[in-house]
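Just so you know, the sequences run in chain order A and B. Residue numbers are given in our numbering: position 248 of the first sequence equals residue 249, and the series is strictly consecutive. Residue numbers are given in our numbering: position 255 of the second sequence equals residue 785, and the series is strictly consecutive.
Bear in mind the hints are in silico, worked out from the structure with no lab data behind them. Treat the hints with care, as some may be off.
What the hints assert, rightly or not - Partial pick of chain A residues on the chain B-facing surface, computed with a CB cut under 8 Å:
1. L150
2. Y153
3. R201
4. L210
5. Y219
6. L221
All values reported here derive from a predicted model rather than from experimental measurement. Note that beta-carbon positions come from the ideal geometry of N, C-alpha and C, so glycine has one too.
What follows is each chain in one-letter form.
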Amino acid sequence: MISEPFATGVSMIHRLDPRIRVGLTVLYSFVVALAYQFPVLIAALSLSSILIAISRVSIKEVFSRMVIVNVLILLLWLVLPFTFNGKILTRIGPFAVYLPGVVLAAQITLKSNAILLAFIALIATMSLATLGHALRRLGAPEKIVHLLLMTYRYIFVIEQEYLRLIRAAKIRGFRPGTNANTYRTYAYVIGMLFVRAAARAERVHQAMLCRGFNGKFYSLQEFQLGFASWAFAIIMTAIIFALIIMELSNG
Amino acid sequence: MDKNDLLINLEGISFKYPGGPMVLKDLDFKLSRGNRIGLIAPNGSGKTTLFHIIMGLLKPFSGKLEIFGKLVREEKDFADVRRKIGLLFQDADDQLFSPTVLEDVAFGPLNLGKSKGEAIEIARRTLNFLGLYGFEDRITFKLSGGEKRLVSLATVLAMEPEILLLDEPINGLDMKTKAKLTEVLSGLDLSYILISHDFDFLAETADAVYTMEDGRIRLDKELHVHEHVHAHELGTYPHQHDVSEDKTQKPEVRRQKTE
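I would like the entire structure built from these sequences, with the hints used as guidance.
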């Protein structure tokens, strides 16, 4: 089952205005992604970790997400140190380990983890529905936002249909293996999912027409900028500026 | 009978899906104000198709559709039909597409041009009317099957329609939710058509029961002998006597096309 384990918490961060959180996370991500100085990157990673601590989300869940990202980064560590020309750090057998490659791999590791943690702490702590409304209020195009919300709504229905199909195959003795039958069965399941999703889309559209849909969506959610949100916005902006200054002055 | 009391008038409607056989064949049907009609017929006999034609979601092959005394033909004619007729879909997941219950119920009123405040007010009132207290911020896809059905009904009722078309409303519901729906329908001051396979449910909620055969609607004309030894139309369905006899004698019901 697809779930949103972080969205249901009750920390201080959960109570902050979603618009502030979205805006600041975007700004912060850009700054971190564009920074190259190690002190800046380490500071950012620390800040992200502090945010995770404040948001009081399940550390286990956070780790399980970090593993996914860091497996990808591990692949970079296997390739980058050996592919850059420059100062040779050491040799492993016939291969030379180049300093610029190691530096780049380290930067990418720090950046990705800092950004990932910030997103978990600030964005994953709101439901996708709230995120959609926040994006809309921040001026994201209406169509994109509703594509997001509709996908979110129906991904669960499609998942259910997928599970139903797989169950139907299983109770008739289907065991996945490396053979033509398995590939054909999966192809049927995927094909069926597309057909059903299309039919579903058609019916949902009909249901919307029946309720007077004329191409416009309305949002009912009201956001309130409380004192805590303002305080958080000011502190975060100050920290982000400090990071920028650190980056520029060292470079 | 006053002409204004004739709400839906279908004449000679024929329809077929591409590559399929004729689903509706020269179908005539009338719904008058206050009618509560049950439709019971085998799967695939065209009940849902009929509803979709009334709502303008499917275009009939031939025939004439008059709704509220006006001929409807084009998509823009149906825009008006849709605000006055509420269709409850067979699958609640088709009907509920907003993230939260309140947003979904308010969707219709907002499309009718109500302000945000009014729409929320209507949505709250409708939810409370159906006994769905505290459902506003629930996530639609996390509701149970019965809750989804009731919320779907709320989304339809929030449009304040004059006619309801209910497509198998109690399919897959437990006894409690079924009883709840029966109670709600009995308390509504609306004309409606109900598709259902449940005789007991129709007996409680419909004044007349029709069936569909060969692409047409007909009143079950056979005489059925049943336990307290007398016979008349609809005798196969559980009923209360004074009610069913009275209502089936209505002239406009008699006028339905029969074989």
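For this session: With a cut-off of 8 Å on the beta carbons, see whether A:Y153 makes it to chain B.
Result: Hint holds; A:Y153 Cβ to chain B Cβ min 7 Å, cut 8 Å.
Exercise. Hey, does the A:L210 contact hint survive, CB to chain B under 8 Å?
Worked result: Holds, about 7 Å.
Problem set entry | Closest C-beta approach of A:Y219 to chain B relative to 8 Å, hint status | Holds, about 4 Å.
For this session: Grab the minimum C-beta distance from A:R201 to chain B and call the hint holds if it beats 8 Å, violated otherwise.
Result: With a minimum Cβ separation of about 7 Å from chain B (threshold 8 Å), the hint on A:R201 holds.
Exercise. Holds or violated: A:L221 as interface residue toward chain B, Cβ cutoff 8 Å?
Worked result: Interface hint status for A:L221: holds (5 Å vs cutoff 8 Å).
Exercise. Given A:L150 as an interface hint, is the shortest Cβ-Cβ distance to chain B below 8 Å?
Worked result: holds (6 Å)
Hint compliance for this structure: every hint is met.
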